[in-house]
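Enquirer: Please model the complete structure; the sequences and the hints are all you need to start from.
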Amino acid sequence: MKKEQKRYYFDYAATTPVDKRVLKAMKPYFSDNFANPSSIHTPGMDASEAVESSRKIIANYLGATPSEIFFTSSATESNNWALKGIAATAKGDKKKIIISPIEHHCVLNTAKYLKKMGFEIVETPVDKEGIVDVEKLKELVDDKTLLVSIMHSNNEMGTIEPIKEIGKICDDKNVTFHTDAVQSYGKMPLNVNEMNVDLLTASSHKIYGPKGTAILYIRGGTQIEALLHGGGQESDKRSSTLNVPGIVGFRKATEICVKEMKKEWKKQSKLRDKITKYIKEKIPNSHLNGPALGKPRLCNNVNVRFDFIEGESLLMDLDSHGIAVSTSSACSSPKLEASHVLTALGISKGDAHGTIRITIGRFTSEKDVKYFLTTLEKSVTKLRVMSPLNTRNC
Amino acid sequence: MYTEKVMKHFHNPANMGKIANPDGVGKVGNMACGDMMYMYIKVAKNKQGEDIIKDIKFQTFGCVAAIATSSVITELVKGKPLSDALKVNNTDIMQSLSGLPPIKVHCSVLATEALSDAIYDHYKRNKKPISKELKAKHEDIVRHNKMLEEQYKEYLDTQELE
Chain Z
42 MKKEQKRYYF
52 DYAATTPVDK
62 RVLKAMKPYF
72 SDNFANPSSI
82 HTPGMDASEA
92 VESSRKIIAN
102 YLGATPSEIF
112 FTSSATESNN
122 WALKGIAATA
132 KGDKKKIIIS
142 PIEHHCVLNT
152 AKYLKKMGFE
162 IVETPVDKEG
172 IVDVEKLKEL
182 VDDKTLLVSI
192 MHSNNEMGTI
202 EPIKEIGKIC
212 DDKNVTFHTD
222 AVQSYGKMPL
232 NVNEMNVDLL
242 TASSHKIYGP
252 KGTAILYIRG
262 GTQIEALLHG
272 GGQESDKRSS
282 TLNVPGIVGF
292 RKATEICVKE
302 MKKEWKKQSK
312 LRDKITKYIK
322 EKIPNSHLNG
332 PALGKPRLCN
342 NVNVRFDFIE
352 GESLLMDLDS
362 HGIAVSTSSA
372 CSSPKLEASH
382 VLTALGISKG
392 DAHGTIRITI
402 GRFTSEKDVK
412 YFLTTLEKSV
422 TKLRVMSPLN
432 TRNC
Chain R
506 MYTEKVMKHF
516 HNPANMGKIA
526 NPDGVGKVGN
536 MACGDMMYMY
546 IKVAKNKQGE
556 DIIKDIKFQT
566 FGCVAAIATS
576 SVITELVKGK
586 PLSDALKVNN
596 TDIMQSLSGL
606 PPIKVHCSVL
616 ATEALSDAIY
626 DHYKRNKKPI
636 SKELKAKHED
646 IVRHNKMLEE
656 QYKEYLDTQE
666 LE
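Taken in order, these protein sequences are the chains called Z and R. First residue of the first sequence: 42, per this note's numbering; consecutive thereafter. First residue of the second sequence: 506, per this note's numbering; consecutive thereafter.
Since the hints were derived computationally from the structure, they do not count as laboratory data. There are no misleading hints in this set.
Each computed DMTMM-like pair below joins lysine to aspartate or glutamate, with the alpha-carbon atoms no more than 25 Å apart:
no.: 1; chain 1: Z; residue 1: Lys390; chain 2: R; residue 2: Glu655
no.: 2; chain 1: Z; residue 1: Lys419; chain 2: R; residue 2: Glu509
no.: 3; chain 1: Z; residue 1: Lys390; chain 2: R; residue 2: Asp645
no.: 4; chain 1: R; residue 1: Lys523; chain 2: Z; residue 2: Glu418
no.: 5; chain 1: Z; residue 1: Lys47; chain 2: R; residue 2: Glu509
no.: 6; chain 1: R; residue 1: Lys513; chain 2: Z; residue 2: Asp360
no.: 7; chain 1: R; residue 1: Lys513; chain 2: Z; residue 2: Glu45
no.: 8; chain 1: Z; residue 1: Lys205; chain 2: Z; residue 2: Asp183
no.: 9; chain 1: R; residue 1: Lys510; chain 2: Z; residue 2: Asp360
no.: 10; chain 1: Z; residue 1: Lys423; chain 2: R; residue 2: Glu580
no.: 11; chain 1: R; residue 1: Lys510; chain 2: Z; residue 2: Glu45
no.: 12; chain 1: R; residue 1: Lys510; chain 2: R; residue 2: Glu580
Label pairs and their calculated CB-CB ranges:
no.: 13; chain 1: R; residue 1: Lys510; chain 2: Z; residue 2: Gln46; range: 18 to 24 Å
no.: 14; chain 1: R; residue 1: Asp597; chain 2: Z; residue 2: Arg62; range: 54 to 60 Å
no.: 15; chain 1: R; residue 1: Gly522; chain 2: Z; residue 2: Arg62; range: 48 to 54 Å
no.: 16; chain 1: R; residue 1: Asp560; chain 2: Z; residue 2: Lys419; range: 25 to 31 Å
no.: 17; chain 1: R; residue 1: Lys523; chain 2: Z; residue 2: Lys65; range: 56 to 62 Å
no.: 18; chain 1: R; residue 1: Gly584; chain 2: Z; residue 2: Gly253; range: 55 to 61 Å
no.: 19; chain 1: Z; residue 1: Gly387; chain 2: R; residue 2: Gly604; range: 36 to 42 Å
The structure displayed is predicted, hence computed values, not measured ones. Using N, Cα and C, we set each Cβ at its ideal position, and we do this for glycine too.
Expert: Pasting the structure below:
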């Protein structure tokens, strides 16, 4: 493998590079102002001030109050906390938790764990584009429902869920509502009050911030148990020494995203549609997964499947040309099973294999896209020549 | 994840393609795991009068490991007497590739099955005696394929398989 090859990154939904402006903002908090924000000496207070001002900026973006923002170490932790923390407050027979079948594994597997603990887990159906059936969900929410957890947008397919409608249903029936907004945060306006959400998860490393920092928004008055017990940080709800450089980085990343949101959405949607159209026109027997062209979709997501070939081979062939994509979600790549999201959308296990996820971002240029598309076309052709399933001429 | 040898075979597979009038064809694999291998052989006699694999080609739908194991087995058996070719096992394939990730070991087994079924097909076409061992292996493969074909019938129907 050529080590010095130029790299073309098309996997922004897996993680993003730290923006240099973010790194610059974080730097003083490693060796200069390294104090523990729980300390009451001057350096400690300075660190605490950095954390609190960050909390404020993140709260502002979400339309929340700073005291409703809790810093965690990852979206996985936040999602675990949301589900387990609410489950721990369950009383009587209020033990039903409603999720969608296309949630991230950290929600699905937490739900699976809670099922083992005696909770009833119900999956509300999604249509072939991955959109939650709101009417069906309305029927499912009843007196026994403790929590509804539906993602704001899907990490594999870019489907944007009708969160406002779902929030209204939950609000009307007085049921706690959590949304995993990891893929939406920083890309589009999010307002916890307009959406009627009680809990919201977001992560720094998806928005050009550092890894190891995330939040759980918890609406004031929501009954939730702590996940980590200890020194009493974060209003005694999430003990742990605060990751000050990470939190400052998350703040800066949020500020940049909010400032550049409209411009980025426009630029990325244009590139997304260019990729989608090119594949549709130039590569026969290819299919767009998830929302159709022109329908609401995350600005940076294209998910496409090619008949007769297998996703891992395509990923590795593209990799040898310096291009990074994903077969479904990065976390599940080492497994052999077809993506749970694709199968939930009604795509057969056989068809699901030829799928790749292409996700663009802040640093994707027109030139990168051009190189990507011509290389993709060549790779698909190369693998199809090898395939016994390719009985047609393509 | 993969060794350099695996990647070499993946990028430049040996004997890839189809033989127009093959003397034997082996088709194995399933869509569920995402691997399908077709192995085509051309058989001739050597100076000693033994049946040898004169030519071999493969077509594979599958992951990097499936393509690499297909390629390497064709290299290992090309020119060999059929009896020797049948002795090539998945350990030989793994060694030639300097190993495979544990979850991909089944690909090397699949490659040996594709080859043995191509040889079985050749024997059958020419009404030649078939060893108990080879017959049992073939029946296993057929059983397995049938099970999976039923599972994925709908998909396979749309693919116009020969």
